[in-house]
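Since the structure of chain E is provided, determine the placement of chain D on it from the hints.
Protein chains: 2
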Amino acid sequence: MSKALKEALKGDPFAYPNPLVGCVIVKKGKIIGKGYHGFFGGPHAEPSAVKNCSESAKGADFYITMEPCSSINKKTPPCTDLLLQIKPKKVFIGSLDPNPAHNGKGVEILRKAGIKTETGILSKECENINSSFFKNMKENMPYVILKFAQSLNGKIADNKGNSRWISCEESRFFSQKLRAGCDCIIAGAKTIIKDNPLLTVRYPKAVKQPSVCIIDGCGKIPLNASVFKADRKVFIVVKKGFSFKGKIPKNARILEIPLKGDFLNNKILLKKLYKEGIRRILVEGGGETHGQFVFSGLFDEIYAFISPIIIGQKNSPSSVVWPDNYKIKKGLGIELKLKEEKNIGKDKLLIFGK
Amino acid sequence: MSKALKEALKGDPFAYPNPLVGCVIVKKGKIIGKGYHGFFGGPHAEPSAVKNCSESAKGADFYITMEPCSSINKKTPPCTDLLLQIKPKKVFIGSLDPNPAHNGKGVEILRKAGIKTETGILSKECENINSSFFKNMKENMPYVILKFAQSLNGKIADNKGNSRWISCEESRFFSQKLRAGCDCIIAGAKTIIKDNPLLTVRYPKAVKQPSVCIIDGCGKIPLNASVFKADRKVFIVVKKGFSFKGKIPKNARILEIPLKGDFLNNKILLKKLYKEGIRRILVEGGGETHGQFVFSGLFDEIYAFISPIIIGQKNSPSSVVWPDNYKIKKGLGIELKLKEEKNIGKDKLLIFGK
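Those protein sequences? They're chains E and D, same order as listed.
Position one of the first sequence corresponds to residue 1 (our numbering), numbered consecutively onward.
Position one of the second sequence corresponds to residue 1 (our numbering), numbered consecutively onward.
I should point out that these hints are in silico values taken from the structure, not numbers from a laboratory.
Quantities reported herein were computed from a predicted structural model and do not represent experimental measurements.
Any given hint could be a false lead.
For identical chains, the list gives no copy identity; a pair is met inside one copy or between any two copies.
[Said to hold, decoys possible] With a Cα cut of at most 30 Å, we get these calculated DSBU-like pairs of lysine-lysine:
no.	residue 1	residue 2
1	Lys272	Lys220
2	Lys250	Lys51
3	Lys267	Lys314
4	Lys160	Lys330
The following block holds chain E by itself, in its conformation from the complex (with noise of 0.2 Å):
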């Protein structure tokens, strides 16, 4: 199963917001065939692993790390369909479908048609890799990733706001693996207005270009922006009640969200934003967008390149802010707990969960 585990990494960014899944065919103990879900609408891992087998699958030892799926949707035959055709030895799982309409059918399958079928290998692991996938399904909710690039003293830009390059090329590199993995990028208007930036994934082999969403309560950005230019979908939020002057750009919805203080009610943005058919959102504020998710808790990862460099201006701006009347129920501050380390180039990347 861990071998089948590295295999469902292999996904990683193009699955997205698929889940990852890998799949390890064993025969008389020998591995005769392995394979992953490799981009988002393309064939599964056990389909994947039996076109890679080296001889026939026929009896062998199946190894995925989530239950198989056992519905027709529009991308791919059941994967269940498959196995009670291929009739293996034995198939082990990893972890269950979250899905509530699929959750334990799968195996059930299987499992009416004689096939033995063992569940909860590694199954703590096989969810990890699919925390976002798992939010989705039990929460409707999208997956929030925080992403920025800081000085070691916490800062984003100089106090003019010149901010190019905080991180390395490697650390920037690795930042359009994170946006091939997500379907929408959160900016701020500040940042819109400021930076004017593309937006869109430059990584190898991406073909899609993530949705954009614009945090712009008072509706400031240039309706010319950058951001409208590339083939996608711009969502323009703006407060409930607030109506844009100016030819609103052909890719782009407005999305009207009442306040909750000063700010947007960001609970309800991301509602609707599952709605629209978002699942993966990487945040790239503006210190002030940041701290608007931070601070009500609305995130689930947060990746801080760290760059080893001091910007020392006192108005230089901070990767994380909120107002100074904001009060922390406990403590002095949002607690993060520290998940994985990297080192990139020559930035440090802290990545955290709550």
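Frame of chain E; chain D shown alone:
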């Protein structure tokens, strides 16, 4: 020699500001004795190793991380005398003594007495563990370590000045070890006024208290502050010409330092402290104190404890700050080099050099 290096490191923190030195004695391919310089003023590595020998060291090979001392000082007899008396088969030496008055003399004495002596064994590594001592000897300047505990986004307190405790207990213990290895702690007046810290070493087996040096350009600290209560010297640094009102505590010394721009000339301060016998300084600012040392390049290492917390209020103080009108010559800020990292409790310690 790598085993002698391991021995040397056992001298951290109590050997400081003396060099860390280790010695391993080998006879017929077997280690018969090991030793290190364990505390300031205590026996050197060579006599310690000889004392620990399981059999006579006569005719054995000596691996010593630094050239043996050849001069009579107040505390210990010269180690070259000991070696001449023992008559080793061969002496292997890591780095030469960087003190210009002794450099190469120990080796010369051994060779003149007919003892085979080879130098330069792992010399880089042997120098690196003593970058502090090497700087002292070569530049006649103290070694300066900046230390701070910050939230992920670079804050050292919330907007009301609360900072207890950003870092975890294990990090605070580690900081005490850092203090125990320094002979002076620099703090800003603001820190003294706001927190009234003792700035003493609370580390097992620590016997001496480092001096304290308070940057207090305009003499604002209360002269009954806790910092004056421990048995050690306190330097109060004021701008040249400033005269202190009130009774100076007995253990306090006023150092007048000329201004450089709006701030004190810290280079002159460091030179004065060196003349006062200070060799290894821990700067525990205040973000502004750190900022002055970082901006002017007057530091050798930065120990940054990054705690898994976000402190977001806009007016929370950052770990390193300088005025907005300070211009950076090249790039966005002062560049550092990540030298080492540790996981300490739930915190991440990043150690930077220049």
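- Classify it for me, Lys160 with Lys330: is the Cα-Cα distance of at most 30 Å met within a copy, between copies, both or neither? Intra 35 Å, inter 15 Å, cutoff 30 Å: inter-copy only.
- Item | Intra- versus inter-subunit Cα pairing at 30 Å for Lys267 with Lys314 | between (32 Å within a copy, 23 Å between copies)
- Given a CA cutoff of 30 Å, do Lys250 and Lys51 count as a within-copy pair, a between-copy pair, both, or neither? neither (43 Å within a copy, 85 Å between copies)
- Message: Within, between, both or neither: how does the pair Lys272, Lys220 come out at a Cα-Cα threshold of 30 Å?
- Response: within (22 Å within a copy, 56 Å between copies)
In summary, the one numbered hint that this structure violates is 2.
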